[in-house]
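Residue numbers (my numbering), protein chains in the order written: chain L, 1 to 448; chain D, 1 to 652.
Please note: incorrect hints may appear among the correct ones.
What the hints assert, rightly or not - One side of the interface only, derived from the structure: several residues of chain L facing chain D at Cβ under 8 angstroms:
no.	residue
1	F57
2	T93
3	K170
Honestly, the hints are just simulated from the structure, not real lab data. Every value quoted in this text rests on a predicted model; they were computed, and no experiment measured them. Even for Gly, the Cβ is constructed at its ideal location relative to N, Cα and C.
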Amino acid sequence: MSRRLHTLYTFTERLKLRFSARFTKLGKHFLLICCIAFFFGLNVERTMIYQVFTLFFSLLAFSFVASLRCTSSLKIKRVLPDTCVAGQELKYTIEIENDSGKIERGIQYREACADFFPDWQEFSTSKEDGEEKRNIFDRKMLHYRWLWLMRLGRRVENHDQELPDILPGKKKDMESELLPLQRGNIHLKGYYLTRLDPFGLCKRQVLYRDPHNLLVLPKLYPMPSLFFDGSRKYHQGGITAALEHGGSNDFLSLREYVHGDPIKHIDWKSTARTGRAIVKQYRDEYFSRYGLVLDSFTTKRFSNVFEEAVSIAASILMSQDSERSVLDLLFVGNECVTCSVGKGLADRKQMMEILASVTTCRDEEFAELAGLVKSHSSLLSGIVVLLIDLDEQRQDLINYLVGLQIPVKAVLIVEEIREYDELKDKVQLDTPLSVIECKNVEEQIVQI
Amino acid sequence: MKFPQLLLGGALIFWGAETDNLFIGLVLCLLFEGSALVKTRYNLSEDDFVKISDLTSLVFLGSVALILLNYEPLRFLRITTGWLPLILSPLMLAQLYSTSDEIIIGTRLGKKKKAYTHKPIDFRLYYFMICIFGAATSNSRSIWFFPVMGLLAFWFLYCNRGRSYSPIFFLSFLVASSSLGYGCVVFMELGHRYVMHKSFRFWHNYYRSHEADPYKKHVNFGETGRMKLSGEIVMRVGSSTKPPPLLKEASFFTYYQGDWLGNQGDFEYIPPATDITWNLTEPPHREGQKVTVELNLPREKGLLATPPGANHLTSRTIYDLRQNTGGTIKVLDGAEIISYDMGYSLIAQKVGKPGDRSLDIPSQELYVLERVLTVLKAVDGSDIAKVDAVKSYFDKGFSYSLSLLGKGEYDTALGNFLLHKKSGFCEYYATATALLLRKLGIPSRYVIGYAVSEKSPLEGKYIVRKRHAHAWAEAFVDGHWVEVDTTPADWLVKDAQKASFFEKVRDVFSFLRHKYKLFQIGSGEDYTLHFSIVVVLLTTFLVFRIYRRMKVERAQEAEEDDQIRCFAPIDSPFSRIITMVEQSEESRNENEPFVQWAGRTGIWKSFESSEFEGLYRLHLQLRFDPEGVSGEESLFLQRGSQKYLDQVTDRN
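All chains should be modelled from the sequences, with the hints used to inform the complete structure.
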């Protein structure tokens, strides 16, 4: 049944696309009126609805015929960037040139994105949030699931923009807009040029192929740089990773011993005086190394919470000064991934590209990520763990890191705060947990 | 999509003129188009819009109830569509007088807020089309309908036309398409007439070739048998005494290849004796009994069930009666449920001897009848003795069953029934009886009707179900038609055993529906006005309740804000330069400084960025600095601007 439904919905969607390519919004209304008038106007003696039908039918017929001959001789060059940010309107310039010997007016322009239809696998396995609450008819027909998947697959929002009137042989620039809805790669096939018929009911839409890939980066929130109290701030990392270069072993200050400091740097005199272990701190060739752990384990194909987690991770990444510290991003997508950003390593742009493409992990266990973090923990001065769920495995990881005396900032992102209220009694964390609701992340992100 | 001003008003006047509601149309037109003059606007939230939808829904439901009460159901759709512009006017008013350009249409009618929200729509186009459809349903047949509707449509299209074409092109298109439209009107009218004419001829010929009467002209084996499967109640019979066991519907004389063909084409009009009484036989009538029948007539026409010896009929729900020579009475016009009192006498009046058709026996059946006659007793006795002999023949060895018999090894189904199976339902028995009587020289006929046997404790009347449909024979003996029912007496019990488990439950609903319909078709009292008043009062009350819950706030008038933000115009000599740049062919790029844009336009041959920027800064200082510019600066701005303006003048 579902496969037939999938075929039916795909067919309907394709039909709708073809229909939209031929009729304007007004034309579609006229077509509907025509159908209603035909149905109710068959008996010409009872009402005069048949006259409504004949008038609207003749208008549509003329429009349709007229739209078949509409062509355009404009040349368009798009100046598109390589990246943009999800949810932020992208404005770019298009250069229009009129090659023909007549004035071109009333032409509409629109970006052509790759069509998306959920495949059978996706349609049969994905489940819309709250689908179980729908009535039995909706649950059987799965129409809302189809609409939901179509919505998820929609990468950009764009609309027809009317081009300015262009005289023969002239060029003009125009600003165009595009709204990327989700992070990831967007493939733009080219652009459509559309001309309406004299009545504005039908249109001729021509696709001009000019492929372009656009990388949509995650949404960013403004946030301050991370600071970990009591952390082992400086690591010896060599010239490439170091912040400052100078005479070797330039003494900077004394400070209390923190787990991981080399024994040879202990200042025994000061230790003897104070009764506590004191180490000498040196100035050169040292750097801070932080870890950013992104929890991607969810059973859902699309999770709003995960999207927010990615955005927060991207915001942390962008807020860090890559000249002064190294940030390791740890997550599990299709496989375990560790990326480092900092001086002499990958730059932030590359990291953002990785974050733009990160997906949820539905096949593996959280233990995969936990293992990755544990093996990496000895290198880190501090760690931020972005969680999208809270259970025993996650609790064990946090407590393990705290046990190693690595400063940990644990952040839980939830759809609604009541979800946390249900979870908080089930786990016992050794460090404070910051909870961020998906609503108004901007205001809550400061607490990290 | 642009919606031109005054178009809605034009459509409303058109609707008013077509439906003879010009005053209402004008009032609505003034209300709608007045929104352009009145500056007051209301802040309506989504919740308010939904409440207005609720209000409109109530008005709509109230209107539907009023229309159903006051008009025939068949005209309901047309009348409702005709009044839709008035009924839906609150929605349109809400959009026009709110601060929003769109309206949310979604009704809850007291339910809690739904999780999802409705998509807002611009209701104007929909309302415009409702006006056009409303005007069309009035069927004024005015010659102005098409041109005026065309004018309104073209007005709308002109504002939304494709800009690639000139207005002349648009007009020529308009003329061509309206000509095609008018051609289609003529074609549809002619086509409709042609189809109607052809279909009338077809049905006329069909009925003529099938002996005139479309309702009941022949019966074949199995027709009554099929009804046996249904427990649906078709009539209710009331009587002060025990009602007659059989009620006759129609009689048939000619039997041919398994079909009984009736002489149903000679129905004659029965003139009513009084407004509500008809004489079925010539008065005076013998004193007899009376039976009251309530019969369902879903198509408002059909055959009457009559007791034997029926002589007169009284009814308020029958308007036109016809009767044929066989005594079959047909209602040509009646209510959906007819209720009639029928007087009958068990001592029936004598009638003339029937024609030869009542003795016709098809040659294919002769062999069967001859073989049966060999075992029949009293073949040479009186007619009554012969009838009794036929009855007693079927008493022994025959049984009742609902299975349909085929021919088997015999030439006809009747042969299989009489000589082999000896089991069947009433149609077999009635046919066999009628033909046997004919073979014995007694005129006979085949009769169909209903058996009256089941008394309903719920209704206190006898109820007749579809499965009580029955067939029997009538023999003409001593100048009377006498019922000869040879079907085994246990047929009613056997049929009842096949009744559904839920039949009693269905009976209750059937009874309630029957009572409601009886009330609806009138018990002499006309409650239409009372109900109409109740509907209006109820709707007004509910509308008032919803309105009270609405918290409509008047939007702050934009005029006040304008006054605050209004500045005295500053006459800067640089303004003309800005206008020239704005009107140039080069559009400004995003975040592009004005000076850079001006340089890119190529209007000035000698363009010095720093000097131009200085002038532009002075212009901005003149506009926005509360202290303005000094006299020297003003002079510099004046001269500098003039220099650039002169360059353009010289070039021209």
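Structure-based check of all given hints:
1. F57: holds (7 angstroms)
2. T93: With Cβ-Cβ at 6 angstroms, under 8 angstroms, it holds.
3. K170: holds (6 angstroms)
Every hint from the earlier list agrees with this structure, and none is contradicted.
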